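Assemble the complex: chain A is given as a structure, and chain B must be docked to it using the hints.
Protein chains: 2
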Amino acid sequence: MSTLVLKFGGTSMADPARIRKAAEKVAAEVKRGHKVVVAVSAMAGVTNQLVEYCRAIAEIYDPSEYDVVAASGEQVTSGLMAMALQQLGVEAESLQGWQIPITTTSAHEKARIDNIDTEKLKSYFKRKVVPVVPGFQGVTRDGRITTLGRGGSDTSAVALAAALKADRCDIYTDVDGVYTSDPRLVKKARKIPSIAYEEMLELASLGAKILQTRSVELAMNYNVPVQVLSSFGDAVGSDMPGTLLKAEDEMMEKQLVTGLAHSRDEAKITLTAMADRPGISAAVFGPLAEANINVDMIVQGASQDGDAADMTFTVPRADLPRTLEALNKNQDKIGFKRIISSADVAKVSVVGVGMRSHAGVAQMMFKALADKGINIQAIATSEIKISVLIEESYTELALRSLHKVYGLDS
Amino acid sequence: MSTLVLKFGGTSMADPARIRKAAEKVAAEVKRGHKVVVAVSAMAGVTNQLVEYCRAIAEIYDPSEYDVVAASGEQVTSGLMAMALQQLGVEAESLQGWQIPITTTSAHEKARIDNIDTEKLKSYFKRKVVPVVPGFQGVTRDGRITTLGRGGSDTSAVALAAALKADRCDIYTDVDGVYTSDPRLVKKARKIPSIAYEEMLELASLGAKILQTRSVELAMNYNVPVQVLSSFGDAVGSDMPGTLLKAEDEMMEKQLVTGLAHSRDEAKITLTAMADRPGISAAVFGPLAEANINVDMIVQGASQDGDAADMTFTVPRADLPRTLEALNKNQDKIGFKRIISSADVAKVSVVGVGMRSHAGVAQMMFKALADKGINIQAIATSEIKISVLIEESYTELALRSLHKVYGLDS
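Note that the protein sequences, when read in sequence, are chains A and B.
Under the numbering used here, think of the first position of the first sequence as 1, with each following residue one higher.
Under the numbering used here, think of the first position of the second sequence as 411, with each following residue one higher.
Worth flagging that the hints you see were computed from the coordinates, not collected in a lab.
Remember, it's a predicted structure, so these values are computed and weren't measured experimentally.
Keep in mind that a hint or two might mislead.
Said to hold, decoys possible - Each computed DMTMM-like pair below joins lysine to aspartate or glutamate, with the alpha-carbon atoms no more than 20 Å apart:
| hint | chain 1 | residue 1 | chain 2 | residue 2 |
| --- | --- | --- | --- | --- |
| 1 | A | K120 | B | E462 |
| 2 | A | K21 | A | E119 |
| 3 | B | K431 | A | E52 |
| 4 | A | K165 | A | E119 |
| 5 | A | K21 | B | E462 |
| 6 | B | K431 | A | E59 |
| 7 | B | K747 | B | D781 |
| 8 | B | K532 | A | D142 |
| 9 | A | K329 | A | D265 |
| 10 | A | K122 | B | D552 |
| 11 | A | K126 | B | D552 |
Stated by the list, open to error - So these bits of chain A aren't anywhere near chain B, every CB distance computed over 12 Å:
| hint | residue |
| --- | --- |
| 12 | D15 |
| 13 | E74 |
| 14 | A189 |
| 15 | D265 |
| 16 | V295 |
| 17 | L320 |
| 18 | P321 |
| 19 | G373 |
| 20 | A380 |
| 21 | E391 |
Beta carbons: idealized from backbone N, C-alpha and C, even for Gly.
Chain A on its own, in the form it takes in the complex (with noise of 0.2 Å):
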């Protein structure tokens, strides 16, 4: 007998018919003999629904009204997701987060949960009623309603697992689970069975879009087992048919790569003929960040016009104007022969925790890359990741090369 967390997104809260899918899943898990809580999102659409009505109302409105306004969503969902367990025979009451309390922060559209009281939760175990919990939803301690913030429900559901010590943390979603690659471009991605939360955060901030950031980094805190599967299919979390994030050191075997990720997210910026003299970084990258631009992979290199240095880094493609005028204005102050900008590039990562003790993962990737002509236009690193920017037309190419060279096809 365990103790679950099954949280529920939006596309499977859709409607009436949805939520009655889900709580049968959530009927299986109790009728098992597990301790469940039901942790839920709002009806897809119905969030952003809501922040329109906040935005015709008020163009910059008073975040702790648009809290209140906005947990309305999922507390709709609780009190459905409740009947339709009472429907299937299962004892079941919601629980909003006042009454629980989840006591959060007082900022107000991104609060952070502070405390969550597990005694009433507790007290629902020994009567065999199941808690239904709106996500995103909160208190701060002097009562007033707050909210952790867009896709703040799977971080409620891993507070929830946090707390309780459960055994698991169930995100059911609308993919089955974390693959080796976008399926759309490699045909031979698979499901990845267990990843560590390490290699999810460097997948999910690459671009992988399944978990919000926050929740993984929750659950590597608290070391919180969250397993990530489709609410579309028939098994159910215990039959561990999605992908389980876990600790590095609970993994049985590390592959040198779990995976691969790319984003087509990203432009290139080469300044050319630097000065080369001390503080010039401070110079690129202080008007930048006024701007509040992020820049990513930076590299230095020889210059193609004479003998100071070049400088070539990456932001994000939709920051591409804002960041050229920026430079522009600057010119003098940082000093620069030409601007040379590409929004041809895509990035390209490879993910494993494997690689902190393999040598020769990067040389492998660099070698797959040059036997298919692809050309490498900046390199970035971490312990666990390697990411290089290429030509955007070159995207399936790469990923399908490096999907087959680090056994991940198999």
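For chain B alone, kept in the frame of chain A given last:
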């Protein structure tokens, strides 16, 4: 400086533009120096949508979870109204039922208010912050969300006014007051500036669907002046543009007849040649009470079929088939010869507290109808009301004649 409760119904909250318009009325009252509490309904249509979700989940649903779902509609508008007030420079904050708290019985879906803690509300007055309270909502002593039943927002508003000993409760709605008769039928119908609670109760129960009956009873019990007024025009409550409900003994001049009501929602049934024996009424109305059918006007008279008496009574038109079924099934037990039924009837009523002290009011009505050749099929009276049943096609003619006879045209 007065203490006012301003309540806005669903059509006044229908969309962000309407909410902004309602907020302007609140702001105008605040500007005049009044202490204001705002009570809001859900956006028009939202509660129906939420009820539909519940019904789609379970035919017989848990009323306490229904309350969790249904209460969310007013939560949304309370937050939006607070934002809209802030946008106009008025300090405002939403307060849910559980935050005040508004304590109710635990009869979910139709809870009754036990107590409203006014301490927090008064602290808002001191800080010059307008509390925006969702109507319809409450909380049980053990912290579960409740709702007061459909139309319960009026009751919330009046209860808030009673608890705060407010000078007036303004109910903003989609009509601009209570009329001497239905203006669609009687062109000369006029808005009534003030009306006694008892008169409003008779009018409300007779079919004028302006205020929830329960809220009028509550206003009467606590002697809360209630103004019904339109949220569409430019006037605000303190201009007294609507109809004011107040105690009979505060009416300066008592009209003989204050207004006329009519209802086409009636059906007439006559049982002929009934045995004249004790217990006969119980034999007739027992089966109807069991079938939950409300019997209204009852007349006994000489029979159309021989010596024994006939009995005539009315039931809601929608219940006619079920009524006939129940009577036919019990024909032997009741003992009657024939059933004659007709849905071609209307009930026309004159209402006025002045009747208490004036004889001849009924006689004026009977004569006026006789002058127009309108046959009276049944009569029912209370201290302040006379109702007659007539052929439906004469409804307009009857209303117009009575409107003139009782001096309401001028």
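Now the hints, each set against the structure:
In summary, the hint linking K120 (chain A) to E462 (chain B) is not supported, as the alpha carbons are separated by about 31 Å, beyond the 20 Å threshold. At roughly 29 Å between alpha-carbon atoms, K21 (chain A) and E119 (chain A) are farther apart than 20 Å, so this suggested pair is violated. With a CA separation close to 18 Å, the supplied pair K431 (chain B) and E52 (chain A) stays within the 20 Å bound. Proposed proximity of K165 (chain A) and E119 (chain A) is supported: the alpha carbons are some 13 Å apart, at most 20 Å.
For the suggested pair K21 (chain A) and E462 (chain B), the alpha carbons sit about 18 Å apart, so the restraint of at most 20 Å is met. For the suggested pair K431 (chain B) and E59 (chain A), the alpha carbons sit about 16 Å apart, so the restraint of at most 20 Å is met. Of the pairs offered as hints, the one joining K747 (chain B) and D781 (chain B) is violated, with about 34 Å between alpha carbons and a cut-off of 20 Å exceeded. A hinted pair counts as satisfied when its Cα atoms are at most 20 Å apart, and K532 (chain B) with D142 (chain A) qualifies at roughly 17 Å.
The suggested pairing of K329 (chain A) with D265 (chain A) is violated, with an alpha-carbon distance near 24 Å, which exceeds 20 Å. Using a Cα cut-off of 20 Å, the hinted pair K122 (chain A) and D552 (chain B) holds, with the two alpha carbons roughly 17 Å apart. Distance restraint check for K126 (chain A) and D552 (chain B): the Cα-Cα separation of roughly 18 Å lies within the 20 Å cut-off, and the hinted pair is therefore satisfied. Not every beta carbon of chain B lies more than 12 Å from that of D15 (chain A), the smallest distance being close to 8 Å; the non-interface claim is violated.
Once the 12 Å rule is applied to beta carbons, E74 (chain A) is inconsistent with being away from chain B; the minimum gap is 9 Å. The claim that A189 (chain A) is not at the interface with chain B holds, since no C-beta of that chain comes within 12 Å of its own (minimum 37 Å). Look at D265 (chain A): its CB is around 33 Å from the nearest CB on chain B, clear of 12 Å, so calling it non-interface holds up. At roughly 36 Å, the least C-beta separation between V295 (chain A) and chain B is larger than 12 Å, which holds for a residue marked as non-interface.
With a least CB separation of 35 Å from chain B, L320 (chain A) remains clear of the 12 Å interface cut-off, as annotated. Here P321 (chain A) stays apart from chain B, with its beta-carbon at least about 32 Å from theirs, past the 12 Å limit. Interface exclusion of G373 (chain A) from chain B stands, the closest Cβ pair being 57 Å apart, more than 12 Å. For A380 (chain A), the condition that its CB be more than 12 Å from all CB atoms of chain B holds, with the nearest at approximately 43 Å.
With a minimum CB-CB distance of about 47 Å to chain B, E391 (chain A) clears the 12 Å threshold, and the non-interface call stands.
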